[in-house]
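Sequence order for the protein chains is A and B.
Sequential numbering of the first sequence, starting at 1, is according to our numbering.
Sequential numbering of the second sequence, starting at 1, is according to our numbering.
A couple of the hints might just be wrong.
What the hints assert, rightly or not - Where chain A lies over chain B, by a calculated footprint (3+ residues, C-beta under 8 Å): (1) 185 to 191; (2) 194 to 204.
Unchecked claim - To give a feel for the contact side, a few chain B residues facing chain A, derived at Cβ under 7 Å: (3) Ala178; (4) Glu179; (5) Glu181; (6) Ala182.
Bear in mind the hints are in silico, worked out from the structure with no lab data behind them.
For glycine and all other residues, C-beta sits at the position ideal for the given N, C-alpha and C.
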Amino acid sequence: MFVEIEEIAKEFGTERALHPVSLSIPSGALIALLGPSGSGKTTLLRILAGLEFPTSGRVLFDGTDATGMSVQERRAGFVFQHYALFRHMTVFENVAYGLRARKRHERPTRAEIGRRVNRLLDLIQLPDIGSRYPSQLSGGQRQRVALARALAIEPRMLLLDEPFGALDAKVRKELRQGLREIHDTTGLTTVFVTHDQEEAMELADLVVVMSMGRVEQVGKPADIRARPASDFVRTFTAA
Amino acid sequence: MSDVAHPVTRPTPVTTEPRLARHILIGTVVALVAVLLFAPLFAVFAEALRQGWAASIEGISSPDARAAIRLTLIVAAIAVPLNAVFGIAAAWAITKFDFRGKAFLITLIDLPFSVSPVVAGLALVLLFGANSWFGAWLIAHDLKIVFAFPGIVLATMFVTFPFVARELIPVMMEQGRAEEEAALTLGASGWRVFLTVTLPNIRWALLYGVLLCNARAMGEFGAVAVISGKIRGETTTMPIMIEMLYNEYLSVAAFSLAAVLALLALVTLFLKSLLEWCYADLLAATRRH
Ligand SMILES: Nc1ncnc2c1ncn2[C@@H]1O[C@H](COP(=O)(O)OP(=O)(O)OP(=O)(O)O)[C@@H](O)[C@H]1O
Ligand SMILES: [Mg+2]
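Make a model of the complete structure from these sequences and hints.
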């Protein structure tokens, strides 16, 4: 699915989180929203997911207006910064949640749900943890479960808010590779938020550099390195 | 780990107080609990059974006493579920949405805690009594609130309103909105999110709030005393009946009824402990991420 963001602005009371922002996300791309704290990355991601609605502007999915579409209709797989796993459910139940929440005539059978959940647990290379609770997992495992849960709904796109933010350097590297692989096998349009320029440059096809609610530059990592559009981009992406 | 060649030294955790201090502290708490909580309860039961089981059972099986027990149970059965629903709604509104006047609403929820129950009862009489704003309309429509069952329910609900909301607000604040938002992105409807995510996450706080609310609903004296008019056998709840019996020097009957009231409270506490015990594993697993 390709996504177009047209002049999206967002105000919280008097606070401007996003100045009019425009952006095209090609189908199947892996995009990084890169910027310092408070630059509006999370806000933009939540607007894409339908968790927040813009003050003005439009969002288009595959060319049709999706601005007023509800969060459920959008079917965006969302991985939250602190994962937001359901703490009173096992890993299996967490991953199955989206399938079980479907309307009766769209809902897979019990056996089918079981098969799909197990396939996803295999995909994230944690086949044996279905019966555990989130509190019994390491940070990296939680992150992967959150990814599996988001993938279970067969999302139209994948949105991740600082997916590796709370993990140590070694696990980050591994999971980065994991996300790249999952993106390449599923072919999903994927947007992830980060404030780590190295992560953005290494992982993404296209990097969107943001600052103070504005898009400073959009481009391939090499282009941004070679031709920074402003002083801010230059200093922020300096390794 | 321990090496045999070394003399055995006991590791002392940094948070541990000296032994003496610990013993004094624990001893004081136990003594306080015994004197303030256990002794009075014991005294009530001892006094109730002073003339044997037969006398106390007779004391609580008079028609008036039985009517009082029934009334108390019915009032609690109406007031507690309603307040549970209102409490959830209030806690939900306060913790999940941002709106103007939120701080004021939180203060308002606490109002029944800070206003004396007698004042609350009087306020209800002023509102719904014969000479009140609504009085004429109520009389015209043959609706009795003051000195009648609806008044008792209203007074009880007013007094017990904060319990559930007060238990839920901190828990829901701490949990934030992330899990609910996650459920929404997975396609769940708002109602389904409430049933499968919100409610399970708050169930222990809710249970605790409901138990406290129930205990207070059954035990409320002041507000009910004012609005009920204390019509024997009709609007006397257990606490009011106990006071009447006591004032009439029927102390065995009074204490027997008091013992029943205390037992009802103890049963709810016991149920809570039982549930906690049954679900100890699940509780431990789900309490923290
Ligand atoms: N619910 C809200 N109410 C009020 N202001 C908000 C809200 N959410 C975000 N903001 C404001 O919008 C601006 C952008 O916030 P946002 O969370 O999008 O930043 P971010 O780039 O994700 O930062 P971080 O890297 O710290 O997560 C900030 O100034 C923030 O204070
Ligand atoms: Mg953020």
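Run the structure past the numbered hints and jot down the numbers of the failing ones, going up.
Violated: none.
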